[in-house]
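Trainee: Kindly produce the complete structure, drawing on both the sequences and the hints.
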Amino acid sequence: MLDDRKKIILKITVKDYIESAQPVSSRILAKKYLLGWSPATIRNEMADLEEEGYLIQPHTSAGRIPSDRGYRFYVDFLLDNYELYNEDIEVANSIIFSSINWEGLLRRVAELISERTAFIGVVLFPQLDKTTLKKIEFIDLKEDAVVIIVTTSTGVVKEKIVRLSNSMSEEEFNDLRVKLNTRFENKELQEIYWTLSKEKLDFKMPIEIKTGVLDILQDLLYTEREEGVIVAGVSKILQYLEFQNINKVKTLLDVLEEEKTISSLLFTSYLRKGLTILIGGEISIPELIDCSIITTVYSLGENTIGSIGMIGPKRMKYERSLAFVELIGKTLSERLTQLLGD
Numbered sequence: 001m002l003d004d005r006k007k008i009i010l011k012i013t014v015k016d017y018i019e020s021a022q023p024v025s026s027r028i029l030a031k032k033y034l035l036g037w038s039p040a041t042i043r044n045e046m047a048d049l050e051e052e053g054y055l056i057q058p059h060t061s062a063g064r065i066p067s068d069r070g071y072r073f074y075v076d077f078l079l080d081n082y083e084l085y086n087e088d089i090e091v092a093n094s095i096i097f098s099s100i101n102w103e104g105l106l107r108r109v110a111e112l113i114s115e116r117t118a119f120i121g122v123v124l125f126p127q128l129d130k131t132t133l134k135k136i137e138f139i140d141l142k143e144d145a146v147v148i149i150v151t152t153s154t155g156v157v158k159e160k161i162v163r164l165s166n167s168m169s170e171e172e173f174n175d176l177r178v179k180l181n182t183r184f185e186n187k188e189l190q191e192i193y194w195t196l197s198k199e200k201l202d203f204k205m206p207i208e209i210k211t212g213v214l215d216i217l218q219d220l221l222y223t224e225r226e227e228g229v230i231v232a233g234v235s236k237i238l239q240y241l242e243f244q245n246i247n248k249v250k251t252l253l254d255v256l257e258e259e260k261t262i263s264s265l266l267f268t269s270y271l272r273k274g275l276t277i278l279i280g281g282e283i284s285i286p287e288l289i290d291c292s293i294i295t296t297v298y299s300l301g302e303n304t305i306g307s308i309g310m311i312g313p314k315r316m317k318y319e320r321s322l323a324f325v326e327l328i329g330k331t332l333s334e335r336l337t338q339l340l341g342d
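Letter by letter, the sequence shown follows residues 1 to 342 of the working numbering.
Simulated from the structure, these hints should not be mistaken for laboratory data.
Keep in mind that this is a model prediction, so the values were computed, not measured.
Incorrect hints may have been included.
[Said to hold, decoys possible] In silico DSS-like pairs for lysine-lysine, Cα to Cα no more than 30 angstroms straight-line:
no., residue 1, residue 2
1, K198, K158
2, K317, K6
3, K330, K236
4, K187, K134
5, K134, K158
6, K160, K179
[Stated by the list, open to error] DEER-style ranges, computed between Cβ atoms:
no., residue 1, residue 2, range
7, K7, R107, 40 to 48 angstroms
8, P39, K7, 52 to 60 angstroms
9, I96, P58, 41 to 49 angstroms
10, T211, L79, 19 to 27 angstroms
11, E90, A40, 45 to 53 angstroms
12, K200, E171, 17 to 25 angstroms
13, D80, D215, 49 to 57 angstroms
14, Q338, Q57, 49 to 57 angstroms
15, L241, E90, 26 to 34 angstroms
16, R183, Q244, 19 to 27 angstroms
17, R320, F97, 17 to 25 angstroms
18, D80, P58, 20 to 28 angstroms
19, L141, E90, 42 to 50 angstroms
Idealized CB from N, CA, C, for every residue including glycine.
Mentor: So, in structure tokens, the structure goes:
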């Protein structure tokens, strides 16, 4: 753990670099912030911080910039309390009062994060591996055909038309619907899929309907997750000095177009069930070495179902970014519960 003097110097160095994007020298610290400190003391402390891995000296510059370790210590121990702008709260309230459907709502959240932060907004769609069944319904099309409708706890609706080898009456469809919902309501989709695939039920169900339900569940469990990422405001990253190199920008944009890569990052947040910050090399993707990612989860009632966040340069105002992402996550959870909780 750093002593108090080193904490002060590290904190000021990080904050100045975030504002200026220029290496911070001991002269700048002595002149702008630490007026009563000896320049020699500041130089020695900065040299110690560099030796301990909290600061690095780029090129032959007289100044230093934070390392990933320096940013991490700053985020974990040195952040100031932050009060959000009124505009930020108004943006969050706009989510609460939004009347669009849940998918449109998630897309708007990604856009709002990008608009308010000038970073990249990202949203992971509801993760259906832990989603439960809300209900199964049937619509009799006559002529030995039926529409199977499966609705999940996250509001996703999938349907499939199947042909029956033997006709069924309206009473039989209703009886089967009641039995299926009694047996599987509020059960996880994976559990239902496994049960229908492996176990013998205590009631009769036509093989065509059973196969149709399994097909829908498989679609929900596998196809939906691969396509479940929203990325907004990618071009905003280009305004920052860290991303002025054409080759660096090209590789960064290529990565951001890979949905599975972004999905895996957001899925990490989803599994951790809370506010998550990854800085530089912690991201484990070389193309994002100059970035930080801040994410949090969103919920439907008591169930965590997905995650949202932002991707920006490591040189970001973490106090505001953390507070804003957390606010939007909580507000989105409230709105989704209003839309889909019944």
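Trainee: Going straight from one Cα to the other, do K198 and K158 come out at no more than 30 angstroms?
Mentor: Judged against 30 angstroms, a Cα distance of about 22 angstroms means the pair holds.
Trainee: State, for the Cβ atoms of I96 and P58, whether the hinted interval 41 to 49 angstroms holds or is violated.
Mentor: 44 angstroms, holds
Trainee: Is the hinted pair K160 and K179 satisfied, with a Cα-Cα distance of at most 30 angstroms?
Mentor: The given pair, whose Cα atoms are some 19 angstroms apart, holds under the 30 angstroms limit.
Trainee: Just to be sure I understand the hint, the distance between the Cβ atoms of R320 and F97 should be within 17 to 25 angstroms; is that true here?
Mentor: Since R320 and F97 have Cβ atoms about 23 angstroms apart, the given range 17 to 25 angstroms holds.
Trainee: Is it true that the CA of K134 sits at most 30 angstroms from the CA of K158?
Mentor: 12 angstroms, holds
Trainee: With 20 to 28 angstroms as the target window, see if D80 and P58 comply at their CB atoms.
Mentor: Holds, at about 26 angstroms.
Trainee: Just to be careful, I want the Cα atoms of K330 and K236 compared with a cutoff of 30 angstroms; is the pair within it?
Mentor: 25 angstroms, holds
Trainee: With a cut-off of 30 angstroms on the C-alpha distance, tell me whether K187 and K134 pass.
Mentor: 9 angstroms, holds
Trainee: Could one say that the CB atoms of K7 and R107 fall in the range 40 to 48 angstroms?
Mentor: 41 angstroms, holds
Trainee: Assuming the hint says 45 to 53 angstroms, is it satisfied by the Cβ distance from E90 to A40 or not?
Mentor: Given range 45 to 53 angstroms: holds, Cβ gap about 49 angstroms.
Trainee: Return holds or violated for the Cβ distance of L241 and E90 against the range 26 to 34 angstroms.
Mentor: 30 angstroms, holds
Trainee: Is the gap between the beta carbons of T211 and L79 within 19 to 27 angstroms?
Mentor: Given a distance of about 55 angstroms, which is not inside 19 to 27 angstroms, the answer is violated.
Of the hints listed earlier, those the structure fails to meet are numbers 8, 10 and 16, in rising order.
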